[in-house]
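Residues per chain are reported as follows:
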Amino acid sequence: MTMPSKTTRRVVVTALSAALCSLGLAVSMVARAAVGEVKVGVILPLTGDKATFGQESLNGLKLALEKAGKETPQLKIQVEDTQGTPAGSAAAVNKLIATDKVAVIIGEVASSNTIAASTAAQSAKIPLMTHASTNDTITLGKDFISRICFVDSFQGAVMAKFAVTNLKAKTAAILVDSDSDYSRGLRDSFKQAFIAAGGTIKEDLVISYSQKDRDFKTQLIKVRKAAPDAVFIPGYYTQVGAILRQAKELKLNSKFLGTDGWDSPDLFKIAGAAAAGHYVSSHFAADDTDNRVQDFVREYKARNKENPGAMAALGYDAGFFMRAAIKKAGSNEPSKIRDAIASMKNFDGITGTITIDKNRNAVKPAVIVTTTEKEFKFLTRVNP
Amino acid sequence: MFDLIQYLVDGLAVGSVYALIALGYSMVFGVLQLVNFAHGELFMVGAYFVMYAISLGLPWPVALGLGMCFVGLFAVAMERLCYKPLRGAGKLAPLITAVGLSLLLQNLVQAILGPNPQSYPARVPEGKLSQFFGQYLPDPSQLQIPHLPDGLFDWNDLVIRHRDLMIFTIAVFVTLGLELFLRKTRPGRGIRALALQPNAAKLVGVPFDFTISMTFFIGAALAVVAGLLQGMADNQVTPYMGISSGLKAFAAAVLGGIGVIPGALLGGLVLGIAERLLVGYDLSTYKDGAAFFILIIVLLLRPQGLLGKARMVKV
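First to last, the sequence lines map onto chains A and B. With the numbering used here applied, the first sequence corresponds to residues 1 to 384, in that order. With the numbering used here applied, the second sequence corresponds to residues 1 to 315, in that order.
Certain hints may be false.
As the list claims (entries may be wrong) - Covered by chain B, according to a simulated footprint, are these stretches of chain A (three or more residues, beta-carbon under 8 Å): (1) 43-49; (2) 200-209; (3) 246-259; (4) 268-275.
Derived from the structure by calculation, the hints contain no laboratory data. Backbone N, C-alpha and C fix where the C-beta goes; we use that ideal spot for every residue, glycine too.
In isolation and in its complexed conformation, chain B is listed as follows (with noise of 0.2 Å):
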């Protein structure tokens, strides 16, 4: 019993870093109907900036806020140049493009600063770029690098470490600002009124372009707080990093309801919590499948997700 209840609570931890970055996804969906396939990537790469900001030697708040701005805005002008020009040209084109994107990205990264794992302080690779950019990279013995909190609370058995309680606060009260940002602001608003009804949104005067380039500029800056994160908590930064999270974040999104802010959180813990118990009951192998096999399941009982409404569509 003991047991369930510590991969309950090590689950909620897990689960928020995908809550996360499943936000961003989920925000893109609701005003677009656009899977972002290369919102992972944008995780990826914000773990990157912070991690090489703070190899920089910034302290870690301007570096979080530098690599928000950095990220948020690549990822509208990645939509100013890829998605726009495909309006009016179905679903699939922009999907597609999408795809793609994070594909590029993937192999951008890996072509620039190597396919290796990155550990903190970061290191620019071997070549042209070392002997431009290395030159203003600090000794590593001379910097302070800063950490998640390593502190434990132990009951008897039930260990929580106070990292994952910070993961996990951090993902609550991204979720609820958010949530009251688009209820009781007038962007927010905006971008609600566009997922309801785009045309009317249009009509009363929300600005579309603007609106949609701030979507996505939101969902980029979240995911830079969770690629912050779990760079940090796992001292790892790779190219592929988005991969499986973005994956995972993407099923959470589903899971909990596409469009629905608090349902990211909710699939997200979810997922996070299923992985867990796996691994807790030794079977770590199966962790992956895990994840799709839940969404399947709800989907098969509830296809609009656990807290999405059932929406008529209108032929």
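Next up, chain A with everything else stripped away, as it sits in the complex (with noise of 0.2 Å):
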């Protein structure tokens, strides 16, 4: 056999390249002509201690899929369970780039699970929408990394605020679940904001547990002794429940307050009559007044059987916003998603309005609630 002259390579080379071309234009044509079909990876804690965080939000955004019906783009979720777990939540990264080959990723919850989550899809360059995750260091420096949901040096400052001015609280203790870079950046924000308003933090009342503790009553006595008139625990509802119930065991009178990781159904069952009587911040409360909440809880009632939680909410508006920026972007292309995503404005969600900043964060209110014995009760809502 002869090698191919010169020329004839030439040409084969020019023709092969003009194909590609052409394809490439063809292809890039039909996208941008409307994007059919979009697969989107969901990583959720369906199982585990942190379970109902998963499964409210699963709910949420199947009804926003469904109703969004068989309008363009859709949304094919591939949805993976993390177990809750940092590891978890990696490898279902993994395996969602690597297998499924999704366009974008919706989630976690936890933000140490999206943290882990983030840093594989980030070196993958798959943009990674969180729709719960609020600790502040998620998006610093990962310009794939998104989310809907407001930061914890809001989120923490709302609620020193509201201690210091509607419940005149002088002194504070902190309870910190030390597995947790939630925790941990709610302990610093809220530690801040308390002092800046005018209260006192002493520092051996801000005390550390850890997820896997059962039994607080070592944490709680040191609170007892030193009565201060509030105590905040960015925590999980699956220990917050435990310590609401062995604080109320031990007679402790402080007033409690919280932050997001509470709004479960399961909180209640945990610390039953304990529950009642404290302050959370939050992303939603299911009996606030406004006509679109209360059609979301009327759909997602006769839907699942039960109230939706603020997980649920932004598990629906997650949806929504995934669906409105891709077809913002008009591509499945994973960077013209994240280019749309970052510069998404003024989107209409039931737990507020969203728009997104610099920092792909969202800017948006929070809400406070209260509790009873058995919900949430909606209380105000705070701007940015």
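The task is to assemble the complex, starting from two chains supplied on their own in separate frames and drawing on the hints.
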């Protein structure tokens, strides 16, 4: 066999590249015309000690997709369970990117898990949009990571101001979940804002616990001795439920303040009567009188037989927000979707009007709810 | 100083639950030289069983009695089916079987009853099981769920919960009772004889299989007591609760001297106190590692454990 001449080779190469170019053009033209179907990966804690967060998020997301009906772009979701752990979250993202070839990912809920997931998504340049992780550092320096919930520097300040202004608290203690980035971030933002507003937090009243703990008596005794006006617990409902129960047993009479990690129906199951009388910052309240919220609550209840919590509302918003962003991108190319998410303004969600800022965080209001023995009650809305 | 006393007292309560589980590890090791790693799962299955029995509306003593019998018989069946055929197959085979059984039970419970924590009153997870079984569960709002005493002793700043005292007292009495049973009764002496010298025990007429079954039964029944206490104290039961408590109980049994009954109690209490001290001085992250750190130190200094007697091994 003889080698083809130089000219022949040149002709072949030119022809090939021309063909490739036109093919690429054709593909991009089709994409720009209308995005039919986009593969969306979803990572959620469907099992484990944050399971109600995952279940509610998924219910909300599915309701959103159902309501969108046959309208394009169609979001084809591929759901992965992270078991509520950072390792599970990273593994889920890797699987979604490598095996399922998703264009974009929604999730996780807990900040530590989203941080683990975001590293993998960022290096693969697949946009990851979390609907519920509030820790400030998540989007920092990772341009493919974004969120549609507020950040903890806002949430912590909201609760600190509420404690000082509305509850007239002068002293506070903080119980920190030392296994959680979320909790540590909130500790710092609450502390800073509380002291700035004129309150005091003694160093030995910032007490840590672990997610593996079941007995919190030792921590609570310290709080009881100091008897601060308010006790801030930025944590997750499984541990918080047990803490509230044991605090009541120990006749600890301070007011408890919490954050969106409390927002689960299981809080009331675990804490029982001890759940009543606390104040919690969150994204949404089911008894908010806003018409759109009430429509959502009715539809969600008809489908899932229970009232939606904040995670359900965020999951619902994530569905519609992602559809709007992909529509805006006019493409199922990951980098275009990323750009579209980053430029979304004044999106009207049921958790508030969402504008994505330059750090790809959402600027939006928080709600403060109070607790009874059985549920959360809407108190007020705080704008950023 | 007052803080220190507080942590010591708190540690006694935490350690008592470990001790109740550790007794089972210790007894089984005593007679078979087998570390039954599935023992922590018996504790977990017991906690679930009693929780569901109470959620069915049974009074708690009945629920506890049924749970002890059911899990006890389950342990006996486990021994007959999984460990007995491996007697004479060396020590490694039964040990690996135990690890396998432990994983099997964790995942089985997770598959049937769901992976999420359950609180009183327990519900049946959605699915086929729910349609079949769910109709028998009474309405939770109609149910009077029993709970551990919730009073407090409160001297100056020293606070002791009644339920902690209750758990501690139960652990001490159970250990004493077990020790008496082993020393004074005929079946108990059979267990000790087997532990001391199996062949000689068989020669003098100790029924070998029966005695071993009894050992498993008693160990499992005590684990159910621990399961009830912990499930009620925390109002939470999960398929994984046997892992950490089981491992710590195992560490407690080895620490106190495995095969020695009061050693299990002592080991449990030492670990419980160590844990509370770490939490008290704001080092709760290291709490789970502490159990094994102490274990390593003690085993370096006293390989037979705190109360164990050094035994010559004939070669």
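Okay, the hints, checked on the actual structure:
no.	hint	verdict
1	43-49	holds (count 3)
2	200-209	holds (count 3)
3	246-259	holds (count 3)
4	268-275	holds (count 3)
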